[in-house]
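*Asks:* Okay, here's what each chain looks like letter by letter:
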Amino acid sequence: MNKTVAMRESYGEVLAELGEKNPDIVVLDCDVSHSTKTLYFGERFPERFFNFGIQEANMMDIAAGLATVGLIPFANTFSFLATLRAAEQIRTSIAYNYLNVKIIGSYGGLSDSYDGSSHQSIFDLAVMRGMPNIKIVVPSDSVETKKAVREIAVTSGPVYLRLCRNEVPVFFDESYEFALGKANVLREGTDLTLVVTGILLDRTMNAAEELEGEGIHCQILQVHTLKPIDHQAIAKASEETGALVTIEEHNIIGGLGSAVAEVLASSRPAPMERVGIQDRFAESGDYHQLLDKYGMSCRDIVNAAKKVLQRKLQQ
Amino acid sequence: MNIGLTQEKVKELEKIALQIRRMVVKMVFTAQSGHLGGSLSVAEIISVLYFSELKIDPRNPNWPDRDRLVPSKGHCAPAIYAVLALRGFIDSGCLTTLRQADSILQGHPYMKSTPGIDMSTGSLGHGLSIGVGMALGERLKRSNFLVYVLLGDGELNEGQNWEAAMAAAKHSLSHLIAIVDRNRVQLDGPTEEIMPMEPLIEKWKAFNWNTISIDGHSVKEVSDSIQWAKQNHDRPSVIIANTIKGKGVSFMENTHKWHGRPPTREEYELAMEELGGEADE
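Chains A and B, in that order, give the protein sequences. Sequential numbering of the first sequence, starting at 45, is according to this note's numbering. Sequential numbering of the second sequence, starting at -16, is according to this note's numbering.
In case anyone wonders, no lab produced these hints; they're calculated from the structure. From the three backbone atoms N, C-alpha and C, an ideal C-beta is built for every residue, glycine too. Certain hints may be false.
[Stated by the list, open to error] One side of the interface only, derived from the structure: several residues of chain A facing chain B at Cβ under 7 Å: (1) Ala60; (2) Asn95; (3) Ile98; (4) Gln99; (5) Asp105; (6) Ala108; (7) Thr136; (8) Tyr158; (9) Gly160; (10) Ser162; (11) Phe325; (12) Leu357; (13) Gln359.
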């Protein structure tokens, strides 16, 4: 078992590190800096840290205003608040004007598990994907989080970064090179491709092992940039393996599954199954129990893989 | 300290306000689309800002140290476009393209297409927050400019304004000056019927802003109140500019019916006559 680290911890650390290097980075938070870990930045650079209280819409537009004078605002709150409460601010002030604001949605997916559906974020990616001009990044572990944050800080234009609240296994090592918009083949295989985004990489790896034991060889394509999606890598996986399963901690509508289906529809169509939340709200509970209960267990991935393989063979 | 406008300057600014009104009516008639009432009510405010107050340079619209104007009530775009043309930011020839495909003049202000527009607006309730961000940025960047936010009174229905008001006071943003176009009419009717805003000045006071109430059609009062706001170094300031929706065209005044409809040829000619201009000027 890999060691586990919380993404938000790594995020808080890398943000403070970037603050040291770039005086134009400013950090905004909405009374959740102890949760998002922006407090590390706030302690080091109090003059560049702004806590706006519980005012997500206000914060997002203030971030836009700061960007117009050449600063690089990182606007932080829980992901459901960033992408829903402040969605219109993101659209009108940030996306439409292509302003250099980094929107950080912490507590993504079901990771605020015990707080229940009111705090869980299961269609943030659908909302953000529908918005022109915004790049969307969903890291899989703490190392990738740090690399992604360093990268988006020097990438002009708006970015939505979705982070997980909890400790998750670390896959990448420090030699890993994060390239925005480029998917990673993490395992070679010829029977089908498991396309995964975010923290379900762990479960996807385990599912691939289990399938290997049954003689099914899976390729794993890890997609950290949901937009712009790596069209080429997905089309290639479809061509080479002829069957795909998408795996995401999100509603099966509007997220990775939809993005991959869109690519396939205009390139190399192949049988595809979607693992994720089956278009319903979840509940309070242990994070891993909820992932299991709401359609994202290792078993769900294995079953989807077998189903899609059967469809492929019936063609 | 500015000792106030000379008689000559007052006359010039009044003349420009009238010119803005004529251009607004012509633009909306030509486009057969756009917002007359709220464009006519801000003519004096816009005239004073662009021809007396704003530190701006038409040859360098993106000058980093320029004063900023956030036209939060973005539906007054025709008035803004008129003054940008008069001030030399855009060619007056393009005014006839308002709201048409391929135009640099979008239905609501768009900073990416129109030189001189500091922020895209149109959806109400964003501008004051954006102004807070600009003023915080001005402080961090150690620049020295003022941020003006032009607000509608109906727009103040949006709760986000009051979030922004809190944040501006928290940070003592004395370089932030809000001007409320208090024309007392919103899209569906009188503001005090649709969603009462009174006591408006007390609301701003309660949010720890410096407040002043003026006649928004007096270029002298607009100018004096801006001088007053500039003298405030402790907190943000708001100028409640009492105006008349549709000001200058008798049949458009004080009614919501002219919030967003264009004039017919006959109405257009009548309006231009009242504004002392030629219909085909």
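*Asks:* Now look at each hint and say whether the structure bears it out.
*Replies:* Okay, the hints, checked on the actual structure:
The restraint placing Ala60(A) at the interface with chain B is violated, with a minimum CB-CB distance near 18 Å, outside the 7 Å limit. Interface hint at Asn95(A): violated, since its Cβ lies 9 Å from the closest Cβ of chain B, which is beyond the 7 Å cut-off. With its C-beta approaching chain B no nearer than about 9 Å, Ile98(A) sits outside the 7 Å limit, and its interface hint is violated. For Gln99(A), the shortest C-beta to C-beta distance to chain B is roughly 4 Å, which falls under 7 Å, so the interface hint holds.
Because the closest C-beta pair between Asp105(A) and chain B is about 3 Å apart, less than 7 Å, the hint holds. For Ala108(A), the interface hint holds, the least distance from its beta-carbon to any beta-carbon of chain B being 6 Å, beneath 7 Å. About 5 Å separates the beta-carbon of Thr136(A) from the nearest beta-carbon of chain B, less than 7 Å, and the hint is met. Taking 7 Å as the C-beta cut-off, the interface hint given for Tyr158(A) is violated, the closest approach to chain B being about 29 Å.
At its closest, the beta carbon of Gly160(A) sits 26 Å from a beta carbon of chain B; the interface hint therefore is violated under the 7 Å criterion. With a least beta-carbon distance of about 20 Å to chain B, the hint placing Ser162(A) at the interface is violated under the 7 Å criterion. Hint on Phe325(A) is violated. Least Cβ distance to chain B is approximately 26 Å, over the 7 Å limit. The criterion of a C-beta within 7 Å of any C-beta in chain B is not met by Leu357(A), whose closest approach is roughly 51 Å, and the hint is violated.
About 46 Å separates the beta-carbon of Gln359(A) from the nearest beta-carbon of chain B, more than 7 Å, and the hint is not met.
Hint compliance for this structure: hints 1, 2, 3, 8, 9, 10, 11, 12 and 13 are broken, all remaining hints hold.
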